[in-house]
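Novice: Here is what each chain is made of, one letter per residue.
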Amino acid sequence: MSDETIISQLKKSFLFRGLPDKVLIELGRKATKRKLAKDAVLMRRGDVGDSLFMIVQGWFKIVAEDANGNELAINQTGPGETIGEMALLDQAPRSATVIASSDAEVLELKQDAFYEILDQRPDLAMELIRSFSSRLRFSTTYIQKAIEWSQKISAGDYSFIENTLTMSQAEGTDEDKASQLLSAFFQMVHNVKDREDQLKKQVENLILQIDETRRRQEFEEITSTDFYADLKEQAKKLRAQRAAQQQNEK
Amino acid sequence: MSSGKIISIHSFRGGTGKSNTAANLAALVALAGKRVGVVDTDIQSPGIHVLFGLDENKMGKTLNDFLHGKCAISEVAFNIGEKAIDAEGRAKLAGKNLWLFPCSIRGREISQIIREGYDVNRLNEGFQTILKELNLDYLFIDTHPGLNEETLLSIAISDVLIIILRPDNQDLQGTAVTVDIARSLDVPNLILMVNKAVPKYDFNNIKKQIEDTFKASVAGVLPLSFDLADNASKDLFSLRYPDHDWSKALRGVADVILAVK
Numbered sequence: 033m034s035d036e037t038i039i040s041q042l043k044k045s046f047l048f049r050g051l052p053d054k055v056l057i058e059l060g061r062k063a064t065k066r067k068l069a070k071d072a073v074l075m076r077r078g079d080v081g082d083s084l085f086m087i088v089q090g091w092f093k094i095v096a097e098d099a100n101g102n103e104l105a106i107n108q109t110g111p112g113e114t115i116g117e118m119a120l121l122d123q124a125p126r127s128a129t130v131i132a133s134s135d136a137e138v139l140e141l142k143q144d145a146f147y148e149i150l151d152q153r154p155d156l157a158m159e160l161i162r163s164f165s166s167r168l169r170f171s172t173t174y175i176q177k178a179i180e181w182s183q184k185i186s187a188g189d190y191s192f193i194e195n196t197l198t199m200s201q202a203e204g205t206d207e208d209k210a211s212q213l214l215s216a217f218f219q220m221v222h223n224v225k226d227r228e229d230q231l232k233k234q235v236e237n238l239i240l241q242i243d244e245t246r247r248r249q250e251f252e253e254i255t256s257t258d259f260y261a262d263l264k265e266q267a268k269k270l271r272a273q274r275a276a277q278q279q280n281e282k
Numbered sequence: 002m003s004s005g006k007i008i009s010i011h012s013f014r015g016g017t018g019k020s021n022t023a024a025n026l027a028a029l030v031a032l033a034g035k036r037v038g039v040v041d042t043d044i045q046s047p048g049i050h051v052l053f054g055l056d057e058n059k060m061g062k063t064l065n066d067f068l069h070g071k072c073a074i075s076e077v078a079f080n081i082g083e084k085a086i087d088a089e090g091r092a093k094l095a096g097k098n099l100w101l102f103p104c105s106i107r108g109r110e111i112s113q114i115i116r117e118g119y120d121v122n123r124l125n126e127g128f129q130t131i132l133k134e135l136n137l138d139y140l141f142i143d144t145h146p147g148l149n150e151e152t153l154l155s156i157a158i159s160d161v162l163i164i165i166l167r168p169d170n171q172d173l174q175g176t177a178v179t180v181d182i183a184r185s186l187d188v189p190n191l192i193l194m195v196n197k198a199v200p201k202y203d204f205n206n207i208k209k210q211i212e213d214t215f216k217a218s219v220a221g222v223l224p225l226s227f228d229l230a231d232n233a234s235k236d237l238f239s240l241r242y243p244d245h246d247w248s249k250a251l252r253g254v255a256d257v258i259l260a261v262k
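Protein sequence lines correspond, in order, to chains A and B.
Under the numbering used here, the first sequence has 44 at position 12, and the numbering climbs by one with no breaks.
Under the numbering used here, the second sequence has 11 at position 10, and the numbering climbs by one with no breaks.
One or more of the hints may lead you astray.
Stated by the list, open to error - For each label pair, taking beta carbons as the anchor points, the in silico distance ranges come out as:
hint: 1; chain 1: B; residue 1: GLY108; chain 2: A; residue 2: THR245; range: 48 to 56 Å
hint: 2; chain 1: A; residue 1: PRO125; chain 2: B; residue 2: ALA92; range: 48 to 56 Å
hint: 3; chain 1: A; residue 1: GLN273; chain 2: B; residue 2: ALA260; range: 20 to 28 Å
Treat the hints as calculated values from the structure; they're not laboratory data.
Here the structure is a predicted model, which is why all the values come from computation and not from measurement.
Note that CB positions come from ideal geometry on N, CA and C, so glycine has one too.
Bound conformation, chain A alone (with noise of 0.2 Å):
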């Protein structure tokens, strides 16, 4: 692999992103160069990782498991690609497994060779630490979209989508996580409002309908007794008699 590959290689990574071309020329150096025959592991789910691979030829399926613990291929990726730099600064267990589709060959950045960087160069910290910063960023402003966007949903309002219309389209071309994730709630939110909007048409008119006959009959049934007409004489009286007190009384 010559420097530029090596360079153009590790650029794509956020985290080698501002760091000096001498630097990654060196990093490069320090990789070892590893073949895989095809369907051979490179990093199972749950393994601690230590190094980071970039692939110089061949390809990988990242793969997760589904319940019943059958192999499921979610991505795959190939040469050019930099897979589990973030295992170089935390050591955090793998999240997915990576498998060689075909016989392939990368190169191996270890933790201790980075570390080793790092001892000799401490302004590359530095750098590392503003790239951090830029992404958390990055991170926290779509992060602080999606809460607004959550509180306008639930109070009814979809008046960003006309205004927002842009953010949707850019999906494909960023390759951000945080861009895909808003992309995704996005495409929800329209899914969502569709249906509101599907429900609303379908409010339905209720036909209310009365048997005339039985209202009369049960009418009659209540009124003809004598109970009804003691009560009907009584109440009129009462009705008078509250109404010359309320008269008496202004």
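Position chain B relative to chain A; hints supplied.
Specialist: Only chain B this time, still in chain A's reference frame:
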């Protein structure tokens, strides 16, 4: 005799939310500064006391005692503004003038009054006494569903009859008969209230259809609400959740009551 108004809350069938509506309306009117009484005349299946946080232990004399001649009606009065402010919604009634006249919830006393009956005239005397002695602006009567004698009496003597119905044909049929009876008894103000309307229907259309059918005004169409069911009569919903759609619509009905001359 007092110039207070008798407001009967009625529904032809059970399950319309009658007691809940009666309790919340009475509370809203009391909250507006009026002197309010609530009588539970649903002797066979009393329920309104629960909404005011009254249980068997707190209950003293009941309407049953009065109807059997064992006490005066004033002894039955339970002062809600003083005693039943133990829940978030009800607490807003502290210091307000609201009295509840509960029925007995003891099985033996209920079966006795159903078996032996009682003099409906005594019930009427009780209403008049309450209005006068407590100097009430409004006396709400929570009636038993259907059209039995004490319900007919409540309708006959009421100044305002509120009929609660769900938007379905069975309730509409029963309401038709009740409306005819109310007109035959010259009830001066007839108000309809639709409760438990399923939100997928057009509420304005429901209101118009029912108003056209009965030539009477519909004071509100209130939505069927899971939130209300979830409250499970533990508190006065419209006081606890004043911003809920159901509460807002009920305030509209309370305003109609307050506007009756």
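Novice: When you take the CB atoms of GLN273/A and ALA260/B, is the distance between them in 20 to 28 Å?
Specialist: At roughly 25 Å between Cβ atoms, ALA260/B and GLN273/A fall inside 20 to 28 Å, so the hint holds.
Novice: Taking the CB of GLY108/B and the CB of THR245/A, does the distance hold inside 48 to 56 Å?
Specialist: 40 Å, violated
Novice: Determine whether the Cβ-Cβ distance between PRO125/A and ALA92/B falls within the hinted range of 48 to 56 Å.
Specialist: This hint holds: roughly 53 Å between Cβ atoms.
Checked against the numbered hints given earlier, this structure breaks only hint 1.
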